[in-house]
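Trainee: Chains as they are written, first to last, in the working numbering: chain A, 3 to 758; chain B, 136 to 256.
Since the hints were made in silico from the structure, they are not lab data. Here the structure is a predicted model, which means the values were calculated and not measured. Misleading hints may appear alongside valid ones.
[Stated by the list, open to error] Only pairs whose alpha carbons sit at most 25 Å apart, straight line, appear in this in silico DSS-like list of lysine-lysine: (1) LYS138(B) to LYS230(B); (2) LYS240(B) to LYS234(A); (3) LYS158(B) to LYS225(B); (4) LYS240(B) to LYS153(A); (5) LYS472(A) to LYS384(A); (6) LYS745(A) to LYS589(A).
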Amino acid sequence: MYQKSSYLIVDGRSYNFTISKFLVQVKTDIVAAEMENKKETKRKGRSQEDRNANVYRENVAIFQEEARERLNELEAVMLELESRPDDSDLVNRAFRAMHTIKGSGAMFGFDDIVSFTHDIESIYDLVREGQIEMTPELIALTLQAHDQIHKMLGNQDAETEAENSIREALSRAFQSFLFVGAAEEQTVEPTAAESTQFEEPNETRTYRIRFFPATDLFADGTNPIILLNELKEMGDCQITANTEKIPDLDEIDPESCYTSWDAILTTRHPLNFIEDVFIFVDDSSDVTIEMIESDHAFETVAFDKKIGEILVERGDINEKDLEGFLKNQEPIGEKLAAAGIASVPQIQSALAEQKALRQLKESKEQRDTLSSIRVPSDKLDKLVDLVGELVTGQARLTQIANTSDNISLVSIAEEIERLTAELRDNTMSVRMLNFDTTFNKFKRLVRDLSHELNREVILKTVGGDTELDKKVIEQLNDPLVHIIRNSLDHGIESVEDRMAMGKSKEGTIELSASYSGAHVLILVRDDGIGLDTDTIRSKAIERGLISADAKLTDHEIHFLIFEAGFTTAKTVTNVSGRGVGMDVVKKAIEALRGSVDIKSIKGEGTSITLKLPLTLAIIDGLLINVGSEHFVIPLSSVKECIELTPEDVAARHGRHLTNIRGKIIPYIRLREQYHIDGEAPEIEQIVITEIENQQIGFVVDHVIGQHQTVIKHLSEVYKKVELISGATIMADGTVALILDINKHLQYVEKESLEQV
Amino acid sequence: MAKVIMTVDDSASIRQMIAFMLKNEGYEVIEAEDGVDALAKLEERSADLIITDLNMPNMNGIELIKNLRANDTYRFAPIMLLTTESQEEKKLEGKRAGATGWIVKPFNSDELLACIRKVLT
């Protein structure tokens, strides 16, 4: 022990040391023994405990030696400071001395030294920062404090009142310095103490924990697996990793964390235990912990038992007697009314409230018991396929029934038709997911991107409960990421620019979903800088997308950003501007049989609307025929059907245009387009369709009528066939092609451009 | 193989206290008295975790962390900072410099080990 302590002996003091060392040792032994008694460490064996106590004592002795050394240094520093009060190095040394005494003192239970030193340390911290001046008074006071700490070090027994008052006087003197300087610094100890008192043990609760690590998580040595394992140790825990943020191999940065995790944890540990798991990553990463279930709910049900029920359960009375007794019993309301305590209307109102509450509770319980079940999605896909087959079969049945004279067969066919439609709608609704989860992902994206780009952006989401086919939602992810990235990078201005323009400091991106007939509209709106038509125009001319003298409306110019290879970003950033983006968005949305629209006002913002069909698998179509061929036009885009007479055609001199109520609309002759043999009837039909305010007509022989269309995708071989989006099997077993209206529209535009 | 933990503190008592707590749990411990000493000792022998004090002469804890993060071997290594609860600001500064987490003084053996288990596999 002496050997170890000599480690700390300052040269020149070792002679006196042995005696004082001995005294110190005696005292330390007493103190340490007492502290060990208080601690009562049960988890280790007796011999271990003894060893611990021994080492503890040893360490206390070392601390005392060390503290004395520090005090000597402090003394020397003070003396030097008297002649050089501006020497920051000296102030630093004084601060460090105090700091070490305090820090180590706390470790070894010298609590009075800790609290005494704390104020002095704070003052020197302020001196270091230049907020308090080093004065002779402060030096004198510190020297007094030095003597005081010396005394306290050797004397851990209860101090006398006189000593106590000296210490307090000194503390007050130091505090007065603190108040002269900037004294806002308050320790947060009380709140820390409070939070630990929040424990409500022995209650099982289920939490939903969502952990979105910062991308640079690994840079500070954090291993997320350890945190997840810690969660697992706390109870029944299911963790799922979200890996969709992981980029392609050539874009991946192996030093970044792209994965996020969701955990469902059922545990008896209180909430702050779970929060503690993430304590080191809390300010850099997004962690949300929500309680989704507690057994409180069940308790209330259990507590709700009536006394009669309990007595029956215990076998103290039997059920018959109880019923008989209850029959004679008047309800409490009537009793109260009879006694004149409450009026009849008062009681009726109270009863109404009671009834409402009960209903609320019942409906809640019903919801809870029904809740939901998890089904693998491929089972659902299979179900949808089967419903598709059923719809096809039903169509054949209806056709046969209609051609027969058998009334009962017709009625059965109608019945089947109705049921099939209902089954179809139900099956589709099962596949529906709401936008909530998708929206949440974007909150994270916006947070990260705004960080990266140094913008301040709030993401508002509206209509998270809007439902859309699972497949559509999945495929919407990438396009939405592109749009939001663009909004952030090109749309929202930097904080300074926004302030200069008199806008709020934070930019807003609104993401909303809503129903519109058989479609869902998804709107991404930002209040950023808006599109600059001039820039887009010159860029488009430069890229050869439009001719220099093309006359375009603002709206048409805005649409140019969806052209392939178009980017106006002056510099290529990480976030956007690689020249892919908006054209990919448009393609992806069109692949989902949806459409894109854009509105923008310069200086005020941009909004992009995605219009998507509710479902992908079965649509309502309009069945038409040309000669022996059948086609289906999605009913949602059909506007009207009119006749095309030979006179109309003649009036246009062979150009494929028709005039409908003053509006010139181009049309496509399907017979010519698809080289179908046979003569057209004298009066043809023209089906006018509309997509995003653009109209196009299809000239056909006959319009047959509405048709439930089960979409069959064309095989890979035909993937270059752009104008057809799929096929469907008809009642008689023949195949009808489904026209892609959007593609036809583009085709016509291109044709007319080439003609010009 | 036992994990190696380096404890960096200019206070010998703290250093030894930590060393004692860790050795009891079967960790191997390297002691260093400041940032410069720590870097020199890590040249000779590598550590799986570094626990460092903030205020030290020669090189303080923040600078040590910055130095370690610039070193390929310790770029992703866990580093814990010893602080007192009043040093909220320092805690953040440490975090920014790349500290994995922090241990608030005073702490007992259980608290220290719980913190270590958070960052060391």
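Trainee: If a hint holds in the structure, say so; if it doesn't, say that too.
Mentor: Okay, the hints, checked on the actual structure:
Taken as a hint, the LYS138(B) and LYS230(B) pair is honoured in the structure, with Cα atoms around 23 Å apart against an allowance of 25 Å. For the hint linking LYS240(B) to LYS234(A), the alpha-carbon distance of about 28 Å lies beyond 25 Å, and the restraint is violated. Using a Cα cut-off of 25 Å, the hinted pair LYS158(B) and LYS225(B) is violated, with the two alpha carbons roughly 28 Å apart. For a cut-off of 25 Å, the pair hint linking LYS240(B) to LYS153(A) stands: about 23 Å separates their Cα positions.
Straight-line distance between C-alpha atoms of LYS472(A) and LYS384(A) comes to about 14 Å, which keeps the hinted pair within the 25 Å bound. Taking the CA atoms of LYS745(A) and LYS589(A), the gap is near 10 Å; set against the 25 Å cutoff, the hint holds.
Comparing the model with each earlier hint shows violations of hints 2, 3; every other hint is respected.
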